[in-house]
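Peer 1: Given these sequences and hints, build the entire structure.
These are the residues of each chain, in order.
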Amino acid sequence: MTEHHHDDSHYVAPTIEANYAPLRRVALLSAVVGTVAFLALGIANASMNAAHGGVRDLFLTYQSGFVFWSLVPIGAMTLMLIGYLCSTSWALVFRRVFQAAMRTWPLMFVLFLPVAASALFMGHDSSFWWAVPAGEFARDHANGDPVVTHEVAHRQGLYLNGLFFLLRAVIIFGVFGLLMRAMLKWAPAAEDEGNAANKSKLKGLGGPGVLVWALLFTVAMTDWVMSVEPAWSSSMFPVVAAMDCFLVTMAFSALVFYSLVGENQTALTIVKDKFRIDIGSLMYAFTMIWAYASFGQYMLIWAGNIPEEIGYYRKRLNGGWEFVAYALMAIHWLLPFVIFLFREVKTNPKSMKAMSIMLLAICATDVIWWIVPCVPHAEDTQFFHLLMAIAAIAMVGGIWGLAFLGQLRKANLLPKKDTAFLANWGHH
Amino acid sequence: MSAPTHTPETWGLLAEFDTADALIAATRRAREAGYTKMDGYSPYPIGEVADELGFPRSEIGAIMFTGGLVGATMGFLMLTWVSWVEYPLNIAGKPYFSWSMFIPITWELLVLTASVSGVVGLLALCGLPMPYHPLFNVPGFARATKDGFFLAIEAEDPRFSPTTTKDFLSGLADVKSVEEVPA
Amino acid sequence: MATVSAPSTVGEQAEPEFFTDDEHLIGGKQNLVTIGEKIGNVCLGEVPIPKGWWIMFLSGFTLLQALVLGLAWLFYMGVGVWGINSPVFWGVAIVNFVWWIGIGHAGTLISAILLLMHQKWRTSLNRFAESMTLFAVMCAGIFPLIHMGRPWLAYWLFPFPNNMAVWPQFRSPLCWDAFAVSTYFSVSLLFWYIGLIPDFAYLRDHAKNKIQQMVYGMLAMGWRGSAIHWRRYEKLYLILAGIGTPLVFSVHTIVSFDFAVSIVPLWHATIFPPFFVAGAIFAGFAMVIWLAVPIRHWYGMKDLITTTHLDVCAKIMLGTGLIVSYGYFSEVWMAFYGQSVYEWDTTLQRMFGPYGWSYWLLILTNTIIPQLCWMKKFRTNELLLCLVAGSVHIGMWFERYVIIVTLTRDHLPSSWGRYAPTLWDYAAMFGSLGLFLTLFALFMRFLPMLSITEMRELLPRSAGGRDGHAVMENAK
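Protein chains in written order, with the numbering used here: chain W, 1 to 428; chain L, 1 to 183; chain P, 1 to 476.
No wet-lab data here; the hints were simulated from the structure.
Certain hints may be false.
In the SDA-like style, the derived pairs of lysine to any residue whose C-alpha atoms are separated by at most 20 Å in a straight line are [said to hold, decoys possible]:
(1) L:LYS94 <-> W:ARG314
(2) P:LYS376 <-> W:PRO208
(3) P:LYS315 <-> W:LEU205
(4) P:LYS476 <-> L:SER117
(5) W:LYS199 <-> P:TRP374
Okay, the calculated bits of chain P under chain L, using three or more residues with CB under 8 Å as the criterion [as the list claims (entries may be wrong)]:
(6) 197-208
(7) 424-433
No residue lacks a Cβ here, since even glycine has one placed at the ideal position from N, Cα and C.
Peer 2: Next up, the structure:
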């Protein structure tokens, strides 16, 4: 062969000089400001509205913060599994980000504990309507929501009760943890030494891993999100949530990666335009599938108009929350739909960073919109609750982000051997 | 098309090459030599040839975008007008303006009008169908759909001259043959 | 075929080893000329008609007569000749409609989505898969039409000013269906025809007689392979692929709306749109496998449709099958979680009611048997793969059957009933298969089964091709 030929077996990825300090500052700021704001707003709300679920709001808004950030390690795990299964380029570019996100999984369990406490101990102050014993619940709602009959509450109580909820969460955290651990254990030999046995093990894990994810993610989203809404169930919802999960993970990874790489030409020559376009196109696809799934769910429930379902949208399209819904349509679908049509956006790290920030913000808004409106607040307090939820997102994100960055800086941004595929792409 | 005269006019000169790369290089040389009225012919698309010909971007994208936008807008307005104004029906108590239920047909009309305008646009811009073309008079031109790569410089080109252009083409790297194309 | 003799000044260096193909997408020592001959000579009558072709054509043509008879009797007597009656008014005709249109989707998927995803292996399959789409949509379109009872009034579905001063009911998914299916057919036809134009030009230029030259010449519309034309052509092809992809999704989504917009328990499921789409792709790939195997054998196309292609198709079939199975899980899960009395009881009826056998048959054929594709042997052995694909065909038919027999037991026990198709249901059903086989056989004989142009692009540079780097990289 000519000198153009690159032998992958001798390839060693260059060390990428990355400055982690700015990201760390952002995370620290987010943690401090978020915590202060969350506590200040939450305590103010709790003292002003003690009789109207002030404490419950604290748990409810915290829950949106937890759910939003839990999507990143879960998404990292799933996209990594898909990446191994289909040998994709984007899973190579973002490998270190995904791996660092997966290493934060134990912390995520700690961050889950307030949600568990809400389900187990908070009773009437819980973010979960079903944390109240069935008998009391029916009495409380006798003049309220006509949908939540005693029968439904009673029957769901078999599934939706604190201990069983905790057990399911432990299984979800445990099984996802095992999958992550297996990948993190096999990866170094595979990507730094080219160990063929480990590579095939990782590829083999891909298919069954994604299957396990699909089932457990459905359970997780049913428990952590869907169950805040009395009597509501939608089989499309896990699909909507999965798209947000993937989109959040990709946007977060792109933000971190492009921020760290910046103008570093060594890295940008490896992560060629083609790969950057692929990353952008994938994010584009996720926004489109999100819009497709969200629209389908909305249209079908709106058309059906049956009592068990329609309450979900009645709450979310009234009392001020409709503006959030308009924002979702505009920023989660329309803007990316138009902007991502241009290749130049996808190849330019700066514009991709801007797009990632926008998408992270709107996905966070989406998660808030799923969870917080489940209890009808007085109309003039909705904005206050939105602020609380945003503060919760900042708080959880800051705390989690610090741990994430601590993991990320441990290794070179590009895997030692596997990067050969990116570096040598297009050469013959 | 051809003038009412019996003296055979020349439509242009046709050079054949063996490889796509040779055709790309030849097109570049011809452009550098100042020729403008020319075209490359190949059995499969070679984007670089179009680049060298100075046709970096086609009009199809804009045509389809416009077609789709017009179709979708008209479609949505039609659905709204029929359901709200012209023939309002109470269906399951739904509002006359049920925008979410208009989306499916709007989308289908977008795709349909965009596709049809793209295809019509392609045919119109390329002047197809065109059953007769002077190039078909050259027997070897059948290879343009097989394994031949051709560059034709047309007589309309201001720099065209039957002799010097022929010499120029014959001097190109990897040229297999140069033939005159009767009008 | 010319070899690269002098060092070229443009582009990348040709590879010194000839005819290497790491991805095993083109076998043998093919080049620009042999590709054209291999594919084109079948159309030009240079290849003796294989025995298998006659079997396919004649059996298809025979079955087609059943369709003709079935429809004639139906139009004469009315839809009463079918087994539909209260409470099941959507019978086998709707099952067949959804089954066929689902099969069609893999054609567009292979052509459009895989093009966007730079999947080079699609090149060998896209042409016959697109043809499969067209013919399957034709078969599908028959059923809602004849199901109307008065099919000659079908045009009432479309909006046009008329002297009755009525307009369609645009909030009905059945009306959306008319738009979706007709758009899908039209756009697929355009996409297919645009892809065929350069191949027609090849056939025109290498025709063996006057008739061929005239017919293919007219179809080619004077295509001469101009670089300017190619540029527009590629852009059109790319954008058609770009909008064809969401089109596939939308069509089967709208088909799923036919069921899901209602409030019938287990029909009104928000998962239906993606679940139906996945099912369509699942069924379509099973049909692609069924069609690829005879083409490989009868026409010696093993160099062009390689074992790698079968392997990939099997993997996609497995993957989409798992998504469909997730749909089954999701239905049961949400019925259990939601604890709506109607949803849960209908789920129990579906599993253990009088038609419970069809549900378990569905699980067996669609969820359990396709798992065999985890084993490489089942993905690469033609016979075993065809058997698995056959199981998928049965499964996907029963999937829709299970949905329609849900109607036998609704909220009100006094209105429960049974449903059984009649001979005339089956006449239309198997007759449509005859139509499909007949059309496909004619396609194999008279049109290029594989895209000559795109196969040439896929050839290595050393064999005159472009390594498959064309449409995506150069469409501007």
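Peer 1: May I ask which of the numbered hints given earlier this structure violates, with the numbers listed in increasing order?
Peer 2: Going through the list in order, the structure violates hint 7 alone and respects the others.
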